[in-house]
Amino acid sequence: FFFFKQKTAYEIYQCDWSSDVCSSDLFRHIDSLWVKDGGKIFQNPVDNPLGPDELPLINRELYSEVPGRSDSSELQIMASLGCPFKCNFCVNYGVHQEYGHSLFRQKSPERVISEIEDAMSHRNIKTIQFQDEIGRAHV
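If you want our numbering, it's the 1-based position in the sequence shown plus 12.
Hints were generated in silico from the structure; no laboratory data involved. All of these numbers come straight from a predicted model, not from anything done at the bench. Positions of the beta carbon are idealized from the N, C-alpha and C atoms, including for glycine. It cannot be assumed that every hint is accurate.
Estimated spans, in silico, between C-beta atoms of each pair [said to hold, decoys possible]: (1) Val103 x Asp65: 22 to 30 Å; (2) Ile128 x Ile53: 38 to 46 Å; (3) Pro68 x Asp43: 16 to 24 Å; (4) Ser85 x Lys48: 39 to 47 Å; (5) Ile128 x Phe101: 26 to 34 Å; (6) Asp144 x His113: 17 to 25 Å; (7) Ser126 x Ile53: 15 to 23 Å; (8) Phe54 x Met90: 25 to 33 Å; (9) Ile53 x Ile140: 18 to 26 Å; (10) Val58 x Asp144: 47 to 55 Å; (11) Asn56 x Lys98: 22 to 30 Å; (12) Gln55 x Lys138: 42 to 50 Å.
The task is simple: from the sequences and hints, build the whole structure.
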């Protein structure tokens, strides 16, 4: 469930993998992460995720060598993360249960425009497809 573990993934991404700093001891202090150390499982406390405007832009250079993506004229983007509803058949129901509230977050219009402009600087975008979980729901 990357959408509600973004802060955790971001903290791991920032880790200096060339040193011993990224040990299991460090992972035992990153909120929302479960760590197995010495045969014992540690469940760290759940933390609220980063706001969508706090996350770094996607490194679109990574797409340059992916067949079918580097020359794609389609951009898939999300203007919001999560869902405000509590449908018991959906993965977001578990998110509501874990956090006790919705983790629906909307990106600012400026952030969405920034992401589109960034993508357009790397590829010849002709189509933009919004992949939001709530579709066209008005919230």
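Evaluation of the provided hints:
Restraint check, valine 103 to aspartate 65: a C-beta distance of roughly 23 Å satisfies the suggested window 22 to 30 Å. A C-beta distance of roughly 42 Å is found between isoleucine 128 and isoleucine 53, which places it inside the suggested range of 38 to 46 Å. Judged by the Cβ atoms, the range 16 to 24 Å given for proline 68 and aspartate 43 holds: they are separated by roughly 19 Å. The supplied range of 39 to 47 Å is met by serine 85 and lysine 48, whose beta-carbon atoms lie about 44 Å from each other.
Take isoleucine 128 and phenylalanine 101: their Cβ atoms lie about 32 Å apart, and the range 26 to 34 Å holds. For the hinted restraint 17 to 25 Å between aspartate 144 and histidine 113, the CB-CB distance of approximately 19 Å keeps it satisfied. Our hint of 15 to 23 Å for serine 126 and isoleucine 53 is violated, since their Cβ atoms are close to 39 Å apart. Checked against the hint of 25 to 33 Å, the pair phenylalanine 54 and methionine 90 passes, with Cβ atoms roughly 31 Å apart.
Checked against the hint of 18 to 26 Å, the C-beta distance between isoleucine 53 and isoleucine 140 comes to roughly 42 Å, which is inconsistent with it. Taking 47 to 55 Å as the suggested C-beta distance range, the pair valine 58 and aspartate 144 does not conform, at roughly 24 Å. At about 25 Å, the CB distance of asparagine 56 to lysine 98 agrees with the hint of 22 to 30 Å. In this structure the hint that glutamine 55 and lysine 138 lie 42 to 50 Å apart at CB holds, the actual value being about 46 Å.
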